[in-house]
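Construct the entire structure; sequences and hints are all you get.
Chains as they are written, first to last, in my numbering: chain G, 1 to 303; chain L, 1 to 511.
Hints listed in this document are in silico derivations from the structure and should not be mistaken for laboratory results. The reader is advised that the hints may include incorrect statements.
Just so you have them, the derived chain L footprint on chain G, three or more residues with Cβ under 8 angstroms [claimed, not checked]:
id	stretch
1	50 to 57
2	82 to 90
3	96 to 103
The calculated lysine to any residue pairs, modelled on SDA-like cross-linking and capped at a C-alpha distance of 20 angstroms, are [to be verified]:
id	chain 1	residue 1	chain 2	residue 2
4	L	K493	G	A16
5	L	K107	L	N80
6	G	K211	G	H190
7	G	K87	L	N304
8	L	K137	L	A96
9	L	K68	L	T225
10	L	K186	L	L211
11	L	K68	L	V56
12	G	K87	L	R305
13	L	K153	L	R165
14	L	K493	G	G15
15	G	K87	L	R21
16	L	K2	G	V72
17	G	K135	L	D300
18	L	K137	L	E122
19	G	K288	G	S222
20	G	K266	G	G236
21	G	K87	L	V18
22	G	K257	G	A247
23	G	K129	L	V18
24	G	K129	L	F23
25	G	K83	L	R305
26	L	K495	G	A16
27	G	K87	L	M296
28	G	K87	L	L15
29	G	K83	L	S297
30	G	K135	L	N304
31	L	K114	L	T129
32	G	K87	L	D300
33	G	K176	G	P165
34	L	K495	G	G15
35	G	K220	G	E297
36	G	K129	L	L15
37	L	K493	L	G478
38	G	K129	L	R21
39	L	K493	L	A407
40	L	K2	G	N68
Built from N, CA and C at the ideal position, the CB exists for glycine as well.
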Amino acid sequence: MSNAIRLDGVTKRFGAHTAVDRLSLDVSGGTIYGFLGPNGAGKTTTLRMITGILTPDSGSLSVLGGQNPSDVRDRIAYLPEEKGLYKDMRVLDVVSYFGQLKGLSRSEAQRRAKERLTAGGLGNWMTSKCNALSKGMGQKVQVIATLLHDPELVVLDEPFSGLDPVNSELVLDLIKRYKREGRTVIFSTHVVEHAEQICDSVVIIDRGQRKVVGTLSEVKASAERTVLLDYEGDAGDLAALPGVVEADDSGQHAELKLAADADAQKLLAVLIDRVRIRRFDTREASLKQIFLNAVEESRREAA
Amino acid sequence: MKLRNILLIARRDYLAYVARRRFWIGVLAIPIILSMFIFVPALIQKFQSAHSYAVVDQSGWVINAVNKRVAAGDLTVLLNLAAENSAAGNKSSLPAPLASLATAAGKLDSAERKRLADAIAEGGAAPETPAALSIWKKRAGLLDWYQGLTTEKARSIDGSLAISRYHFVAGKMSPSELQSKVVNGKLFAYFVIPAKPLDPDANFIYASKNLTDKGLRKWFNGNLTEVIQARKVSGVGLSAEKAAWLKAPVIFQDKLVTKSGSRQATAAEKTAQWLPVGYVVLLYIAIIGVAQMLMMSTIDEKSNRIAETLLASVDPMDVMAGKTMGIAAVGATMVCAWVFIVLVVIAGFGNMLPIGGYAHTLISSISIWSVVWFVVYFILGFLLYASILGAIGAAVNNIQEAQPFFAPVVMFLYIPMIIMAFVVKDPNAVWARALSYFPPLTPFLMVNRAAAPPPLVDYVATTALLVVTAAIMLFVSGRIFRIGLLNTGAPPKVKELLSWIRTPSPDKAGN
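Set out below in structure tokens:
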């Protein structure tokens with residue numbers, strides 16, 4: 001699959017502050033891509049550059065094959081973290097207006113708006129003013145309006161923040177459906193569980209820099225694994241065993257950290273000769289752990 | 001720039017105002033409030049009951065003479081009314097006694113009508129012209145009819161008739177009777193005329209419980225003074241004609257000097273010289289009102305978090321162009337609605353206005369060029385102020401933050417309002433010309449000076465200067481707009497604004 005987005009050494013500064021620092025990444029078409037990072041990591045700035053709202057100070061950027069995101073704006077949808085509706089406009093008009101700004105004809109925008117509002121259970125609200133909607137309904141209308149033009153690339157900034165569980169589920173389903181339809185979805189979040197649930201690939205950024213990047217399995221494989229070991233007998237110096245980076249041994253129970261390339265099978269073979277093993281449990285690092293480690297490491301470097 | 005998006009945004013912003021009921025309520029409210037200043041005093045006068053008064057005439061002759069004087073004044077009003085309606089071909093609206101002499105009255109000039117009215121009321125000599133004579137012959141019927149008029153009837157004919165406002169209560173009354181009638185409101189006031197009113201130290205008395213409303217006293221005093229003066233004049237052996245000649249004030253005839261010479265100015269032309277004041281007020285309300293709408297609508301988009309969604313679809317400059325265009329159309333709609341309302345009001349109720357019959361002539365005296373320039377200055381003035389207020393709207397997050405930026409602009413715009421009356425009086429004064437060359441004031445000063453009219457060089461040079469300034473301001477405000485729209489933190493300081501303006505690409509928003 002060709003790249004939907006390619007960033008090459010992209011940098012963005014605001015005065016003395018560098019928001020995005022030489023960031024490079026590739027997003028394959030038809031995948032779900034997660035931007036992970038703590039608040040202020042540069043996620044929103046990166047997404048704004050991808051959608052053409054901001055332009056990089058240096059580095060190159062290509063979106064849907066175009067060097068300038070503004071040229072392909074009608075093929076992108078962007079749902080900002082903070083979003084609203086024209087309170088005095090009727091629901092149907094708002095949805096159709098945003099569709100028209102993305103290049104749909106008036107009649108087509110109206111038709112789709114009616115169809116999707118009805119499908120979204122908002123059929124009875126089409127002629128109401130937006131200020132009559134509840135918060136949850138408003139969020140739904142925003143999502144419908146943003147996606148009305150059936151974009152090839154969907155960019156969501158913290159799509160789950162402020163959503164109730166019902167709407168969160170809705171957005172998750174939508175993202176998965178878009179992937180099935182061959183579209184590309186990128187979204188930023190600091191809720192790692194969401195990313196772990198649906199992402200094909202992730203990038204973890206902090207202080208504007210890329211810390212970890214890859215497909216979900218690559219990222220997980222590249223991280224240290226943990227072995228939980230229960231044993232009887234004298235194990236000797238567990239930390240000196242092949243592949244072990246760190247050992248926390250309390251006599252009958254130990255927690256061993258394995259190097260990313262260590263072979264757990266070999267370790268098991270060595271241990272069987274030394275002690276009686278009651279439990280040998282290999283655990284992949286969770287994305288959350290990887291995220292926390294990456295951020296911690298980044299903070300250490302900065303300090 | 002994408003024209004389609006600009007038009008879409010313009011259309012939305014236009015409808016966001018014009019499709020709302022409260023917009024039209026606001027549009028209607030302004031002429032209604034303004035017309036209240038004109039109609040309410042007229043209405044109050046109309047429904048005010050006539051002031052009744054009594055006269056204790058110790059001289060034995062004064063009140064008779066005063067009543068004749070009052071009748072003479074009213075007959076003049078009636079003859080003038082008859083003449084006006086005859087000229088307008090509107091005789092049928094007159095009461096029968098007036099309708100029958102309207103054609104003849106129309107043939108007399110205003111001085112002749114006054115002389116005729118005096119002669120009829122005060123028993124002077126018969127007039128000589130056939131038209132006046134034909135009225136003279138009907139004098140007995142006319143006087144009978146006039147004296148039989150009730151206050152209400154008189155008011156329905158013409159509110160300026162003295163008998164519609166003041167009612168003379170005849171008959172002798174004792175001092176205590178007068179006192180109690182004034183106290184219980186049967187009488188508004190009474191006058192005491194001394195036995196020898198021509199004496200230098202004669203003591204005239206006006207007694208009322210209301211000494212604030214001086215209308216009755218002034219009116220009676222005017223008539224009384226004429227009567228006393230006339231008696232004094234005849235006492236020294238002067239004929240009435242000589243006395244009138246002696247008393248006659250000097251009257252200037254206004255001549256309007258134009259390229260083709262000088263001629264007598266019509267009443268409409270005299271009023272038309274004040275027309276530019278109307279232009280200035282209209283321009284002020286339109287420009288400041290509409291530019292403020294742009295600011296509010298931009299703030300609205302920021303505070304409702306729509307700006308970022310918009311910018312993902314449209315260039316910031318397109319957003320600004322679309323909004324400016326849409327809101328300008330709102331302003332044009334507003335001004336057109338006002339002009340329409342004014343025309344309808346003048347066509348329908350023109351005769352109720354204090355400027356009365358002038359209104360139609362006034363409208364027809366508006367030159368097409370002054371309207372063209374008004375439109376030009378509205379557009380340029382709007383662009384200039386819209387760019388300033390639009391940038392303010394984009395830079396701040398809410399109306400409170402906008403206040404410190406907005407207030408100086410509003411204060412500045414008081415200048416044209418303060419000086420407009422002086423400019424009308426001397427439209428080509430050096431200072432007025434100099435101020436016209438200051439672009440933020442150009443639109444107001446130039447429409448203010450329209451009656452002069454200003455030299456062509458002023459039109460061309462000030463407009464060129466204004467176009468350049470508006471273009472620069474639009475550019476500057478475009479840069480502020482582009483960055484400000486995404487700026488959700490504290491409102492920028494002047495230093496930051498300058499750095500936004502210097503930034504060539506749409507870059508400096510927070511992340």
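Comparing the hints with the structure gives:
Counting residues of the stretch 50 to 57 of chain G whose C-beta sits closer than 8 angstroms to any C-beta of chain L gives 6, which meets the bar of three, so the coverage hint holds. Closer than 8 angstroms: that is the beta-carbon criterion, and the stretch 82 to 90 of chain G has 8 residues meeting it against chain L, so the requirement of 3 holds. Check on the stretch 96 to 103 of chain G: 5 of its residues sit with their Cβ under 8 angstroms from a Cβ of chain L, so the three-residue criterion for coverage holds. Note on K493 of chain L and A16 of chain G: the hinted pairing holds, with a Cα-Cα distance of about 17 angstroms set against a maximum of 20 angstroms.
Among the hinted pairs, K107 of chain L with N80 of chain L is consistent with the structure: their alpha-carbon atoms are about 11 angstroms apart, no more than 20 angstroms. The hinted pair formed by K211 of chain G and H190 of chain G meets the criterion: a straight-line CA distance of about 15 angstroms does not exceed 20 angstroms. Taken as a hint, the K87 of chain G and N304 of chain L pair is honoured in the structure, with Cα atoms around 8 angstroms apart against an allowance of 20 angstroms. For the hint pairing K137 of chain L with A96 of chain L, the CA-to-CA distance comes to about 16 angstroms; that is within 20 angstroms, so the pair holds.
A C-alpha spacing of about 13 angstroms is found between K68 of chain L and T225 of chain L, which places the hinted pair at or below 20 angstroms, so the restraint holds. Of the supplied pair hints, the one linking K186 of chain L and L211 of chain L holds, its CA atoms being roughly 16 angstroms apart against a limit of 20 angstroms. Between the alpha carbons of K68 of chain L and V56 of chain L the distance comes to roughly 17 angstroms, so the proposed pair stays at or under 20 angstroms and holds. Under the criterion of a C-alpha separation no larger than 20 angstroms, the hint pairing K87 of chain G with R305 of chain L is consistent with the structure, at around 11 angstroms.
At most 20 angstroms may separate the alpha-carbon atoms for a hinted pair to count; K153 of chain L and R165 of chain L meet this at roughly 11 angstroms. Between the alpha carbons of K493 of chain L and G15 of chain G the distance comes to roughly 15 angstroms, so the proposed pair stays at or under 20 angstroms and holds. At most 20 angstroms may separate the alpha-carbon atoms for a hinted pair to count; K87 of chain G and R21 of chain L meet this at roughly 16 angstroms. Restraint check: the Cα-Cα separation between K2 of chain L and V72 of chain G comes to about 13 angstroms, which is no more than 20 angstroms; the hinted pair holds.
With a C-alpha separation of about 18 angstroms, the suggested pairing of K135 of chain G with D300 of chain L holds against the 20 angstroms cut-off. As the CA atoms of K137 of chain L and E122 of chain L are separated by approximately 15 angstroms, the hinted pair is consistent with the 20 angstroms bound. Restraint check for K288 of chain G and S222 of chain G: satisfied, since their Cα atoms lie roughly 14 angstroms apart, inside the 20 angstroms limit. With a C-alpha separation of about 17 angstroms, the suggested pair K266 of chain G and G236 of chain G falls inside the 20 angstroms cut-off, and the hint holds.
The suggested pairing of K87 of chain G with V18 of chain L holds, with an alpha-carbon distance near 16 angstroms, which does not exceed 20 angstroms. The straight-line distance between the Cα atoms of K257 of chain G and A247 of chain G is roughly 6 angstroms, inside the 20 angstroms bound, and the hint therefore holds. Restraint check for K129 of chain G and V18 of chain L: satisfied, since their Cα atoms lie roughly 16 angstroms apart, inside the 20 angstroms limit. Taking the CA atoms of K129 of chain G and F23 of chain L, the gap is near 17 angstroms; set against the 20 angstroms cutoff, the hint holds.
The straight-line distance between the Cα atoms of K83 of chain G and R305 of chain L is roughly 5 angstroms, inside the 20 angstroms bound, and the hint therefore holds. For the hint pairing K495 of chain L with A16 of chain G, the CA-to-CA distance comes to about 15 angstroms; that is within 20 angstroms, so the pair holds. Restraint check for K87 of chain G and M296 of chain L: satisfied, since their Cα atoms lie roughly 14 angstroms apart, inside the 20 angstroms limit. Between K87 of chain G and L15 of chain L the alpha-carbon distance is near 14 angstroms, which keeps this suggested pair within the 20 angstroms criterion.
Restraint check for K83 of chain G and S297 of chain L: satisfied, since their Cα atoms lie roughly 16 angstroms apart, inside the 20 angstroms limit. A threshold of 20 angstroms between alpha carbons decides the hint, and for K135 of chain G with N304 of chain L the separation of about 13 angstroms falls inside it, so the pair holds. As the CA atoms of K114 of chain L and T129 of chain L are separated by approximately 14 angstroms, the hinted pair is consistent with the 20 angstroms bound. Our distance criterion of 20 angstroms between C-alpha atoms is met by K87 of chain G and D300 of chain L, whose separation comes to about 9 angstroms.
About 17 angstroms separates the Cα atoms of K176 of chain G and P165 of chain G, which keeps this hinted pair within 20 angstroms; it holds. Taking the CA atoms of K495 of chain L and G15 of chain G, the gap is about 13 angstroms. The hint holds against a cut of 20 angstroms. For the suggested pair K220 of chain G and E297 of chain G, the alpha carbons sit about 17 angstroms apart, so the restraint of at most 20 angstroms is met. A distance of roughly 14 angstroms separates the Cα atoms of K129 of chain G and L15 of chain L; the hinted pair therefore holds under the 20 angstroms criterion.
For the given pair, K493 of chain L sits about 17 angstroms from G478 of chain L by alpha-carbon distance, which is consistent with the 20 angstroms threshold. Between the alpha carbons of K129 of chain G and R21 of chain L the distance comes to roughly 14 angstroms, so the proposed pair stays at or under 20 angstroms and holds. Of the supplied pair hints, the one linking K493 of chain L and A407 of chain L holds, its CA atoms being roughly 16 angstroms apart against a limit of 20 angstroms. With a C-alpha separation of about 16 angstroms, the suggested pairing of K2 of chain L with N68 of chain G holds against the 20 angstroms cut-off.
The earlier numbered hints are all upheld by this structure, with none contradicted.
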